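Novice: First to last, the sequence lines map onto chains A and B.
For the first sequence, the positions run 1 to 164 when our numbering is used.
For the second sequence, the positions run 1001 to 1432 when our numbering is used.
Calculated directly from the structure, the hints in this document are not laboratory data.
If you're wondering where the values come from, they're calculated on a predicted model, not measured in any experiment.
There could be a bad hint or two in this list.
[What the hints assert, rightly or not] As a list, the in silico BS3-like pairs of lysine-lysine whose alpha-carbon atoms are at most 30 Å apart: (1) A/127 / B/1412; (2) A/127 / A/109; (3) A/23 / B/1279; (4) A/23 / B/1425; (5) A/145 / B/1017; (6) A/3 / B/1186; (7) B/1416 / A/102; (8) B/1412 / B/1426; (9) A/127 / B/1185; (10) B/1250 / A/102; (11) A/145 / B/1250; (12) B/1204 / A/29; (13) B/1416 / A/29; (14) B/1186 / A/145; (15) A/12 / B/1192; (16) A/110 / A/145; (17) B/1250 / A/127; (18) A/23 / B/1031; (19) B/1185 / A/3; (20) A/12 / B/1426; (21) A/109 / B/1426; (22) A/23 / B/1382; (23) A/23 / B/1412; (24) A/145 / B/1185; (25) B/1186 / A/29; (26) B/1279 / A/102; (27) B/1426 / A/23; (28) B/1185 / A/23.
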Amino acid sequence: MSKSLSQLVSSKAVAEVELWISKYPAEQKQSAVMAALRIVQDENGGYLNRELMDGVAGFLDMPFIAVYEVASFYSMYEHNPVGKYKICVCNSISCMINGSEKIIDYLEKKFGIGVGEVTKDGRFSIKEVECLGACVGAPMMMIGKEYYEDLTPEKIDIIIDGLK
Amino acid sequence: MVNEVCFKNIDKDKAWKLDVYQSTGGYNVLKKILQEKTDPATIIDELKTSVLRGRGGAGFPTGLKWSFMRRDDPGQKYIVCNSDEGEPGTCKDRDILRYNPHALIEGMIIAGYTIGASVGYNYIRGEFWQPYERCEEAIEEARAAGLLGKNIFGSGFDFELHSHLGAGAYICGEETALLESIEGKKGQPRFKPPFPASYGLYGKPTTINNTESLASVPEILSRGGQWFLDIGKPNNGGSKLFSVSGHVNKPGNFEVPMGMPFSELLEMAGGVRHGRRLKAVIPGGSSVPILPGEIMMDTNMDYDSITEAGSLLGSGAVIIMDDLTCMVSVLANLSHFYMSESCGQCTPCREGTGWLSRVVHRIEHGEGRMEDLDMLFDVAVKMGGNYYEREGGRTICALGDAASMPVLSFLKHFRKEFEYHIEHKKCMVARY
Ligand SMILES: Cc1cc2nc3c(=O)[nH]c(=O)nc-3n(C[C@H](O)[C@H](O)[C@H](O)COP(=O)(O)O)c2cc1C
Ligand code: FES
């Protein structure tokens, strides 16, 4: 028997999921699965695990497999630990022709890790992502929920220093 | 005539607030429609007059789309806004969400009234957290002011609006994948027919429009369809948001009349950076055929002119490349994108995007063979049809076409650079 969602996450998180469920028709609870996965992922330090996905499935009356499918289809869900600050660098066309590769190189050197890795202290990880819809601010990146545009190495240093 | 419609208040302080929106006449036309119980057919006629064409990429006339809904049939219907904005180069809807969310809300309520839908969803891509919060605030403001909810303006019309957040998947911008996604599933496009107007969200009749299309509706209806049409040119009504990115001095979103010469738009964006020569332009988002700079300099920014020039207006994302850009590396980047974003449902697209990406990659890295160029052509045509023969793709949705058009157009206009790469195992130009 897998654990219920309320045994796995805070009551605040459960309440948030409930709020999302209320946006959809009563018989369409499954519509809240994307929000639910995001909420439990945020609470779990940025990544999902089997127990959490099963908890979401139970809460939304969904087959486990239907939740795994969603959790593996969308790129914002993580299945391995990420940094406290997950740095997502856009590498699509407008950013690429404006030097996104140099931005990625700079971050890799700065943190001594490669794309897909986490720093030893668990604070930072780097991910390459596709166009984030901020192309006129290329090159750009997202850290957590925040966008940072028109990047230069100097600007990156200031941004990173500003993180707690 | 810049910033006439969606960007009307863009320079105002806190442009996104309800009082700012109302200070320039916001929600007046909604009030008029609801209180006078305007005949929905009149609204549709006005939109047809305006020749507002869908701003999501396909350019389908919005008035005509709304007319497909059988308003008086019983049962739930939905209006869905597509704020998934994921086509590389495109970032205009983000600015509507951030700076003019009330125009979108008013547009969605009017759409709901016109097509007989009492519930709307705005599908916002998951990475747009700040724009999402802006929209949530605006929805709260509207609800508190009685603009959303029951019995709006005492008219007896009820309308509820919710945001739905995506979680990273370009394919969810395709309208039926988007519906699947709201239903809590993988974003895999549906077969059409049935079209969403008969079988949409939760199997109910649904209209899906792009953010810019919906946010344009209030201004069109308050100033008249003819006014909007006259901003642009026949068959290409209105102004349009263009996201100008790449090698320009002042990249940005510009709302300008349809039909503006490309050269003027380029000037608004500060011209090509460092005074370099314009080499190539992708005029409508990463999916559309690339055009050499010289052709673009003689082209106007509207659907018909760009089609005539050999490409598509698409989402209005104008990507500018200077003469130091290596076309092989650009195509490698685009092809990689489509490979990553194919939903995997149709074999031609799942396998074809992988082939295209791997072959262009190997050419870029000096491992290409001359036969590769014919193979690229062959795979692109078998998957996405031949754009130049006006032939459509062989897949459920247009992602296959979207992956194919760049390949065919790069080979058409820049084949020499590919041959050079293969022969000399390096770039013809300095690369980025
Ligand atoms: C692969 C693919 C991605 C798409 N992405 C978007 C998108 O991000 N935003 C959008 O509005 N339309 C997108 N579209 C077009 C939609 O399917 C649809 O035509 C549009 O939302 C309809 O609205 P409109 O008529 O107002 O343009 C995409 C289409 C395809 C095939
Ligand atoms: S290409 Fe980087 S944000 Fe669009």
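Novice: Evaluate each hint against the coordinates.
Specialist: So, going through the hints one by one against the coordinates:
no.	hint	result
1	A/127 / B/1412	violated (34 Å)
2	A/127 / A/109	holds (14 Å)
3	A/23 / B/1279	violated (49 Å)
4	A/23 / B/1425	violated (56 Å)
5	A/145 / B/1017	holds (22 Å)
6	A/3 / B/1186	holds (25 Å)
7	B/1416 / A/102	holds (27 Å)
8	B/1412 / B/1426	holds (20 Å)
9	A/127 / B/1185	holds (25 Å)
10	B/1250 / A/102	holds (21 Å)
11	A/145 / B/1250	holds (26 Å)
12	B/1204 / A/29	holds (17 Å)
13	B/1416 / A/29	violated (55 Å)
14	B/1186 / A/145	holds (23 Å)
15	A/12 / B/1192	violated (41 Å)
16	A/110 / A/145	holds (21 Å)
17	B/1250 / A/127	holds (28 Å)
18	A/23 / B/1031	holds (25 Å)
19	B/1185 / A/3	holds (23 Å)
20	A/12 / B/1426	violated (56 Å)
21	A/109 / B/1426	holds (26 Å)
22	A/23 / B/1382	violated (42 Å)
23	A/23 / B/1412	violated (49 Å)
24	A/145 / B/1185	holds (23 Å)
25	B/1186 / A/29	holds (15 Å)
26	B/1279 / A/102	holds (22 Å)
27	B/1426 / A/23	violated (55 Å)
28	B/1185 / A/23	holds (16 Å)
Checked against the numbered hints given earlier, this structure breaks hints 1, 3, 4, 13, 15, 20, 22, 23, 27; the rest are met.
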